[in-house]
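Start from chain L and add chain Y according to the hints.
Which chain is which? The protein sequence lines are L and Y, in order. Counting with the numbering used here, you get residues 1 to 412 for the letters of the first sequence. Counting with the numbering used here, you get residues 1001 to 1107 for the letters of the second sequence.
It is possible that part of the hints are untrue.
What the hints assert, rightly or not - Okay, the calculated beta carbon distance ranges per label pair:
1) R1080/Y with R219/L: 56 to 62 Å
2) Q1094/Y with R5/L: 47 to 53 Å
3) D1069/Y with G54/L: 16 to 22 Å
4) S1092/Y with L58/L: 20 to 26 Å
Said to hold, decoys possible - Some residues of chain L that are not near chain Y, with every Cβ distance over 12 Å (derived):
5) D28
6) E30
7) R112
8) Y128
9) V184
10) G218
11) R265
12) T292
13) F401
Said to hold, decoys possible - Among chain L residues calculated to face chain Y with C-beta under 8 Å, some are:
14) Q43
15) P45
16) P65
17) A67
18) F68
19) A137
20) A140
21) T301
22) R305
23) P375
24) A376
25) F380
Since the hints were derived computationally from the structure, they do not count as laboratory data. Don't be surprised by glycine CBs; every beta carbon is placed ideally from N, CA and C.
What follows is each chain in one-letter form.
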Amino acid sequence: MAVSRVVILGAGHGGFQLAASLRQGGFDGEVVLVGDEDALPYQRPPLSKDYLSGKVGLDLVLMRPAAFYREHRIDYRAGRRAVALDRARRQVRLADGASLAYDHLVLATGARNRVPPLAGIALDGVCYLRNLAETDALRARLAAARSIVVIGAGFIGLEFAAVARAMGKPVHIVELADRVMGRVVCAETSAYFAAAHRAAGVEFSFSMQAAEIAGAGGRVGHVALADGTRLAADLVVVSVGVVPNTELAADSGLAVANGIVVDERLLTADPAISAIGDCAAFPCRHADGRPTRLEAVQNATDHARCVADRLLGKPHPYEALPWFWSEQGDLRLQIAGLTAGHDRVVLRGNPESGQFSAFCYAGGRLLGIESINRPAEHAFARRLLAAGRSVAPEEAADERFDLRAAAMARPG
Amino acid sequence: MPRVTYIAHDGKHTELDVPVGTSVMQAAVLHGIDGIVAECGGSCMCATCHVYVREDQLGLCPEMEVGEDAMLDGTASPRRANSRLSCQLVVSPQMDGLVVTMPETQT
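Isolated chain Y, as found in the complex:
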């Protein structure tokens, strides 16, 4: 099962084994990881599951659709080149070892 590492804003690391087909957001919420709010439940509607993906792993992630791109313009913490909405990061085998950092705030 692909392993995903979540780094909280305070530096705390959490590693989760995430089933293929589950999103990075869903896994975080299931395990009660603070720092991902996911207010809309994964509909790409609220921009409160914002994460920063380790730069060299961006290419492993599903391509960004136009809706996600626009929602990222409205995140509470600054958008960076490696910003993604974790509800759109559906885990695939190639994403094993993914590292995401959570922003200071989601709202």
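For reference, chain L alone in the conformation it holds in the complex:
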């Protein structure tokens, strides 16, 4: 049966892109895009950077203006939350009691903040930085904050810290691991970023657990650490990762294992349901086919295009190269490929110069490249890795070696 009504749950980067790609590809059926926030679909990356700092307003953060949805016949339903799937009848039930019928359903439900089970976590002054409402609340408090504690030294925590330091606010970051961004970058890159943040005035407590958040009158006043230290804080930002939104899938009997399980076409076991973006665990070609769940704009939008192609009758397996970026003050980190599991790191360029790339190898094979303030090398890295090519460690380390030529060479 031809698909004539596509319902997309989640209006983040993946959901929006799928709707846009379906129309761009000439899909003539109904496209219903369901979002649980009130705003038009917006871009998340600027929230922790230029939007938080006030450099850009909401109009420049929106994916597209309202007219786009009318002109492209995208039925955007704002402020609606799906609460259950009826797979047998191919219907989604919404929190307001309404039901939506679908021929094909795409779960683009994303992820939500992980909330650590800490005493005082609900105190006024404990903030998060993932969606627009949270960012608006944080932005209002940031202006008045006098001492800030950040729990978690990942991308979000560090991006926030850079903005807060630029405003002259004291920032102390508490991190359970022994280094920053430990889940996503090599030790060399970690060390460089930690030193740069320290130089900008950020204080760190590594290998340290926050024990409780406390304060008087329902307001946060300090964070107590596991070693008994008390850090004064009138603003606490919790950035300890996310949990994928998989409940709808699990409750309807679909497989969930650190994400909604999909095949290489991004289809669940139900041929009428796909899953994309942060909520999907897919067999990743760039991780030897291992089930992989990524939290990234690239991943969400490339997933969306892959599913759009399938719904438009041009199916193909998902093979896109993962890439990521983070901007922390003057530092631009760009990562091509998945570097987890590396056993050797080769630096190209000297970190002391403020720009270098870290080539990460496992068993002599190039897994990925982390570039710091070297956007050209990142561009070449993406090309190189997407084509399945490599460079030897000694070539990577040799700045005279022509990386561009290696990246642009014809496949084969």
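Leaving out everything else, chain Y in the frame of chain L:
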């Protein structure tokens, strides 16, 4: 306000008055112009806001930095001598009358 003309791959012309300091990409996205994707939101990170600038106007545009140059090597449509990433084309008064043509595809 400087005026910028966007020519879609199918030939459709759209003229926009773009405030000084706004990028050619931002103005296009704000007005829902198809043909500029701008996946990374203007961070010079994704090469999906590729445009061709009218040749005689290249000199009016901000100089190309090394990062943009490299990203242009990875565009989905062919790179030409007049290729630019529109997120890097921050509009100045001298760019009034700029004409950019969008490529066949950005992804």
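P375/L as an interface hint toward chain Y, with CB separation required under 8 Å
holds (3 Å)
Quick check for students: does the CB of Y128/L sit more than 12 Å from each CB in chain Y?
Holds: least Cβ distance 20 Å, greater than 12 Å.
Can we keep the A137/L interface hint, with Cβ of chain Y closer than 8 Å?
Where the cut-off is 8 Å and the nearest Cβ of chain Y is about 21 Å from A137/L, the hint is violated.
Just want to verify: F401/L was marked as not at the interface with chain Y; is every Cβ pair farther apart than 12 Å?
Given that every Cβ of chain Y is farther than 12 Å from that of F401/L, nearest at about 16 Å, it holds.
For R265/L, is the shortest beta carbon distance to chain Y beyond 12 Å?
Nearest chain Y Cβ is 18 Å from R265/L, so the label holds.
Grab the minimum C-beta distance from T301/L to chain Y and call the hint holds if it beats 8 Å, violated otherwise.
holds (6 Å)
At a threshold of 8 Å, is the proposed contact between A376/L and chain Y supported by beta-carbon distances?
Constraint on A376/L satisfied, holds at 3 Å.
Check the non-interface label on R112/L: least C-beta distance to chain Y beyond 12 Å or not.
holds (22 Å)
Evaluation of the interface hint that places R305/L against chain Y, nearest CB under 8 Å
holds (6 Å)
Holds or violated: P45/L as interface residue toward chain Y, Cβ cutoff 8 Å?
holds (5 Å)
Are D1069/Y and G54/L spaced within 16 to 22 Å by their CB atoms?
At 31 Å between Cβs, range violated.
Agreement of hint P65/L with chain Y interface, Cβ distance less than 8 Å
holds (5 Å)
Of the numbered hints listed earlier, those contradicted by the structure are 3, 19, 20.
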